[in-house]
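A.B. asks: We have chain A already, so just place chain B on it with the hints.
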Amino acid sequence: MELHSAGEDAIMLYLGEETSPEVSARVQAAAEAIKPALGADLVDLVPSYASLLIIYDAMHTDHLSVAHRVRTAVAALQTRSGTEGRTVVLPVYYAAEVGEDLESLAQRAGLSTAEVIALHTGTEYRVYAIGFAPGFAYLGQVDERIAAPRLTTPRQKVPRGAVAIADRQTAVYPAVSPGGWNLIGRCPVRMFDPDTEPTMPVTVGDRVRFEPISRERFVALGGDLA
Amino acid sequence: MTLKIISHGLSTSIQDLGRPGYFHLGIPMGGAMDRFSLRVANMLVGNPEDVACLEVVFLGPKIEFTKSVIVAVTGAELPILVDGEPRDTWSSFEVKAGQVLSFEFLQAGARAYIAISGGIDTPTALGSRSTYPIGALGGVDGRNVQTGDELPVGDSSNSKAGLSVDEKLRRLPDTPARLRVLPGLYWHRLTEASGNNFFSDEWSVAPEADRMGYRFKGGRPLEFVDREQPFGAGADPSNIVDGCYCYGSIQVPGGKEPIVLHRDAVSGGGYFTLGAVISADMDFIGQLQPHAPVKFEKIDMAGANSARAERKQMLEIIRKELRQEPKTQP
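Protein sequence lines correspond, in order, to chains A and B. Each residue of the first sequence is one higher than the one before, starting from 0 at the first, in numbering that gives the first Met the number 0. Each residue of the second sequence is one higher than the one before, starting from 0 at the first, in numbering that gives the first Met the number 0.
Calculated from the structure, these hints are not laboratory results. Bear in mind the structure is a predicted one, so any value in this text is a computation, not a measurement. C-beta: ideal position from N, C-alpha, C; glycine also. A couple of the hints might just be wrong.
[Claimed, not checked] Far from chain B by the CB rule (all over 12 angstroms, computed), these chain A residues:
| # | residue |
| --- | --- |
| 1 | 72 |
| 2 | 73 |
| 3 | 90 |
| 4 | 110 |
| 5 | 111 |
| 6 | 112 |
| 7 | 117 |
| 8 | 118 |
| 9 | 150 |
| 10 | 223 |
[As the list claims (entries may be wrong)] Covered, in the sense of this in silico footprint (three residues per stretch, anywhere, with C-beta under 8 angstroms from a C-beta of chain A), are these stretches of chain B:
| # | region |
| --- | --- |
| 11 | 10-24 |
| 12 | 133-139 |
| 13 | 176-188 |
| 14 | 245-252 |
| 15 | 274-280 |
| 16 | 300-311 |
Chain A extracted, bound-state conformation:
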């Protein structure tokens, strides 16, 4: 455990250096312990792969008090395995018409598109972080055989629901945005909706599986082919 001041109202807690399910589980467990320890002094708690950003209300407390409470809460933690959290299944329509990079990714990997789909759906992913854009969940780790580098020229416009791979990470684009990840399919589930509670179907620490669906099912579930 390492604590560093990140600004006048933020402390960064490091729980490891590498990206792994164990480190991610530690981040998650620490987040759960810190919430009650800081109570109303906590403004936001932002987990990432190996770190946790703690934003506090500097009008009512200071970094020394926050650091002390965080240290105490995290020191009392039991080591946990990386298996807590819910499992969320997300349906995906995998096809070239909605996954423009599916064929080129398969070609580069020396696999058929069916094999790429099987490898993508055959892995259970962990939500490591949420960021980049509202509701953008970073999922890992993608099977090494279908890991693919980011596009050299990012697309100006990636559609909402696009399912994509970058290196050993995968994600569902929550809204139309620019993006450099490889598109392989599309998910009809909305990944972010400010008018619903919760606003996202997944949270950090959850596990995610993708389930292949047909074009008809995709449309029936409200998916947009455009």
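C.D. replies: Chain B only, in chain A's frame:
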């Protein structure tokens, strides 16, 4: 509807004090770039300080009112006209139904705040009316204000014309602007000489300066201490394992030009950050024009806390003065 946008200027958006607490969903706090000026604008028209105003960048809009209201404009020095007649900035004045509010050319600063008695009453998203176009949150259907928009304004019974803020209490950056920095997370990754250069060099605002971040140019590139890159961090020494950026963080992609992340910045990524600009000075960044000269100045946590207290104190003085000001009978 009490407010009609005849022309929207360059970039005009609805902002309040933002929506803190949603970084974990990838949503930045947003809100006014210059929070001090927004608060004071609201005080002048008798609104609660967190009410939504218009944030105007460089070029003023032209607005027709369909109901009589009290208006105040703070922040950047953007000369005000009501039906062609000049009005003072940092002061409250009446705009009658049918009158048009417009502006002349910008004289200083970058962002002006137009507060209207009753406040702009568009729907809230996650507790705020602040516009965040990337997430389509707040504003007018998730976007900036456009020519032709009609905006609802709330009711007010608490406003009066003729209030004004003492010139000594108006806050705009000096030249060069002094931005105090709390060295942070990855400071130890810089060589000592490079760290010193960062504070001794003169920087200026690059053209890439918006609500997401302000880029600065002109100083010497950073030099890093050699290290073994951890897995997931990539080969570039300015990259780290993806982590969160706190508000005000100074990110240095490629180790060359620092970017201070501002209100609408993304919550995280894989670039090195060397520290954070203190909150008291973040408001100043929102008032910097491209090419404005800037000096970064090192501060410690105690200094950052007293700067914060000082700004709070200044707001308290303005609050008191405006409360006492009505000398005539109502």
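A.B. asks: Look at each hint and say if it fits the structure.
C.D. replies: The hints, checked one at a time:
The Cβ of residue 72 (chain A) lies farther than 12 angstroms from every Cβ of chain B, with a closest approach of about 18 angstroms, so its non-interface assignment holds. At roughly 17 angstroms, the least C-beta separation between residue 73 (chain A) and chain B is larger than 12 angstroms, which holds for a residue marked as non-interface. The beta carbon of residue 90 (chain A) sits about 22 angstroms from the closest Cβ of chain B, which is more than 12 angstroms, so the claim that it is off the interface holds. Every beta carbon of chain B lies more than 12 angstroms from that of residue 110 (chain A), the smallest distance being close to 25 angstroms; the non-interface claim holds.
With a least beta-carbon separation of about 30 angstroms from chain B, residue 111 (chain A) lies farther than 12 angstroms from that chain, consistent with its non-interface assignment. Against chain B, the non-interface label of residue 112 (chain A) holds: every CB pair exceeds 12 angstroms, the least being about 28 angstroms. The beta carbon of residue 117 (chain A) is kept farther than 12 angstroms from every beta carbon of chain B, the shortest such distance being approximately 26 angstroms. Residue-level check passed: residue 118 (chain A) sits 21 angstroms from the nearest beta carbon of chain B, beyond 12 angstroms.
No Cβ of chain B comes within 12 angstroms of the Cβ of residue 150 (chain A); the nearest lies about 16 angstroms off, and the non-interface call holds. For residue 223 (chain A), the non-interface assignment is confirmed: its Cβ lies about 16 angstroms from the closest Cβ of chain B, beyond the 12 angstroms cut-off. For the region 10-24 of chain B, the assignment as covered by chain A holds, since 6 residues bring a beta-carbon within under 8 angstroms of that chain's beta-carbons and 3 suffice. With 4 residues having a beta carbon nearer than 8 angstroms to a beta carbon of chain A, the region 133-139 of chain B meets the requirement of three or more and the stated coverage holds.
With 3 residues having a beta carbon nearer than 8 angstroms to a beta carbon of chain A, the region 176-188 of chain B meets the requirement of three or more and the stated coverage holds. Only residues whose C-beta sits within less than 8 angstroms of a C-beta in chain A count toward coverage, and the region 245-252 of chain B has 4 of them, enough to reach three; the restraint holds. Judged by the Cβ-Cβ criterion of 8 angstroms, the region 274-280 of chain B is covered by chain A as claimed, because 4 of its residues qualify and three suffice. Remark: the region 300-311 of chain B is confirmed as covered by chain A, as 5 of its residues place a Cβ nearer than 8 angstroms to a Cβ of that chain, reaching the required three.
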